[in-house]
Amino acid sequence: MKKHLIAISLSLCVYYGLAQSSTQCSRALAQAELAFEQGRLSDIINTYSSSTSGFTRCLQNGVFSIDEEIRAYKLLTKAYLFQDDEAKAEEMFIELLKVDKEHQLSPEDPAELYLLKDKFKTEPILRIAARGGANKSLPTIIQDFNTFQTGSKRYNEKGNDTGLGIGFWAEVLAERHLGKGIEVGTGVQYRITSYEIEGEMIEGNLNYVAKNTSNMLRFPLMIRYSLNYDKKDENGNRIRMLPYVFIGGSFDWMLKAKYVDTRRTGGTAYTLPDGSEDLKQFNQVANTNVSIMAGLGARFRVGRSEVDFFSLELRYDNALFNYINPDNRWANEDVNFGIGHVEDDLTLNTISFSVGYTRSLYIPRKRKEYR
Amino acid sequence: MIVSLLVMSCQIEDDNAPKPDEAFIKFYGELTSYEASDIEVIYDATGEVAEGLIVFGTKVTEAGDKDYFVLQTDLEGNLVDSTSYGFINQTDRDFTGDGLPDDFRGDETAGQIELIPGGGYITIGTSSISENALDISDFRILTLAFLDADLNLVSDTLLTLVSQVDNTELDLEGNDVILLSDGSILLVGAKEFDRGGGISDFDNYFFKFSFTDGVIFEQTQGVAGEDENDVIVRAFEKSSGNIVMLGYSNTPSQLGENGGVNGTNAYFLEIDPNGTPVNFAAYGLDDPADGRIYNEQVNDAIKTSFGYSLVGTSNTSNDEQFGFIMNLSNNGVFLSANSHDSSTYNTENNTLQTLGNGVVQASDNSLILLGQYLNFSTNNLARGGEGMYVKFDQAAKPVAGGENFFGLSDGNDEVVDAVVLPDGKIVAVANVDFGGGVKLISIVKLNDDGSLN
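Chains as they are written, first to last, in numbering that gives the first Met the number 0: chain A, 0 to 370; chain B, 0 to 452.
Note that these hints are calculated values from the structure, not bench results. Check each hint, because a few of them may be wrong.
[What the hints assert, rightly or not] Part of the chain A face toward chain B, derived, beta carbon under 10 Å:
#1 Phe144
#2 Thr146
#3 Gly339
Cβ coordinates follow ideal geometry from the N, Cα and C atoms, glycine included.
For reference, chain A alone in the conformation it holds in the complex:
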């Protein structure tokens, strides 16, 4: 019991101490700002230079809140700036940018600060975007092939047996702003695509369903134009929603392609056996492909600094080359005879919806011409 009382007492003391420090730091910052208004710039600099001053200890020990820290570094930047100590002003401004990545100056800020900011790169060096979502396959037939006379194969019709051809994908892109809202991005994408075919060999008597699923590693390269990239509203705040459009291309590398739940009904029901479901094994799909893509979406600024984004996107991917390897179309007899299915020549296109998060990465530094 005695031990518990001691522990509780110590906790209360620490909490009080911190609260007291926070209050003292706020007061120290307010005093420094008052000194700046009164033109006592040397006092501010001397206070900061003294490692034992409350202001300095608050700044170096991280007792300031983020807003207070921004105010403190901005105050020091201005103080050094007006004392014509440009080197220290730049040092303080870099510290400011470390805390507030794309610090937005206010109309009240002095012209000297604007000039100083212009010497620095305040935009991100890179953005890392992660997106994920669902896709719906839209196989486009180049040339159709059938083993049966009705000739009608239905793709993704969600009939009695076929599904919608839904798949999933995720990507990580590195993006860079080129200027005027135009960005380029490249990275890697993992995509699972499926399409389902229903074939009616004899109406009502002999039918099959073949579900073709592929896993691809894709390497997209895209260029995007965002509206409102640098725009501010009437209050001087950056507009939070950035609608965008993009186009691009992708090199696609097939990792896996197989039949899933592929079966025939009628006669003696038949399910494609293990060992016959792998299209890669029979070399029946193209190992590589090239796609073009286009899409639109919107990004929403999130976070305190509003430099990261949450995004919603709609995208269309159009493969340029045949998904099927025509040389081996008939290579799998269990599919041809057992199921009664043969693949059409097709491009495997998709429309997809995704959500994403974009993180901006910065290295605050002076522009090359000012170094």
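Once you have looked at the hints, place chain B on chain A.
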């Protein structure tokens, strides 16, 4: 932008991609069970340009009996037309000799289809007819049909021949029909006899007639005796006007073993234009090493660049079955023969039994034996009866890499016959068994090594 991309979906076609006519598998059938027995190439009026394919076989009707079935496709295997017809006693014929028209319906077994120059077809087969009231069952008669170019049965009539009008126990089988250069028609098959002690055996049967002169000859030939069967399967006209008929017989062979008691051998019979036999020969496969007796049942034959090739199934004295191929000269001299116990697919069986159904000579002059592998396992996969495609050289030796199988893993599938297209590709016709009574005709276009790609 997305909408426009959707509408104008981009794709780049590979110039080297196969077109639809380069390989295909096509299934045909509407109801339940279809079986093919013959396939031929349809040529234009000049006889030089291939225009399509015609398949002859049978189908099971909704009433449950088998009718003849004719299927016409283009060269890419797309259905052009089809028809079916079967024996019914439309003309009130009295086959039984009781003075009353018979109420027969037949179960048809398809033989061959012959193209009529200028359009139309002749089909021959055997109808097995039954009439319960008269206690008649499985009375087999030869049935012949003329179809016009649109597959209409001419005069809606099936022509019939019976073995003996007043004896429904005796059968007459129709196996092949050919148009002769003098405009007459030759039918061949086998006729059953009662030689005084009941049903005895079949003899070779050949029947020549013309629409102007009527019957020119109706002949039988063969070995008489209990189960001493002689059956003509295919017929070919020589440039001299003689006719070569190929089949199987219990005539002792001139080469190899004679099939032993009631043994069966491949048979060559040549007749002059008047039906008089001028030459015959019988040959059997031999296996002196283990004393097995091979009984050859010929199922098909073709005219080749060197003479004739016969194929069928050898039934051995060890109760095995092996497809075989036998090559004869134009004059019926034995050239070469071989039976086929597949060494390619018998990875887990000591001997893989096979059945021989058809033969075609490829553009490189090799010979392709078509038929069926019985149940086997290969590469740990168990297969049911599979369609067989095996390539032999003219010395009847298997060609390396010229063997393939087709069909469902668990169905009783068989390749029946094939033709060679002008581009050298092979089109085989197969019967593919989907189980549960569903059997479809399949046309498969192949490279001449049996591959599909």
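Here is what the structure says about each hint:
About 6 Å separates the beta-carbon of Phe144/A from the nearest beta-carbon of chain B, less than 10 Å, and the hint is met. At about 5 Å, the closest approach between the beta carbon of Thr146/A and any beta carbon in chain B falls short of 10 Å, and the interface hint on this residue holds. Taking 10 Å as the C-beta contact cut-off toward chain B, the hint placing Gly339/A at the interface holds, the least distance being around 6 Å.
Violated hints for the displayed structure: none, as all numbered hints are satisfied.
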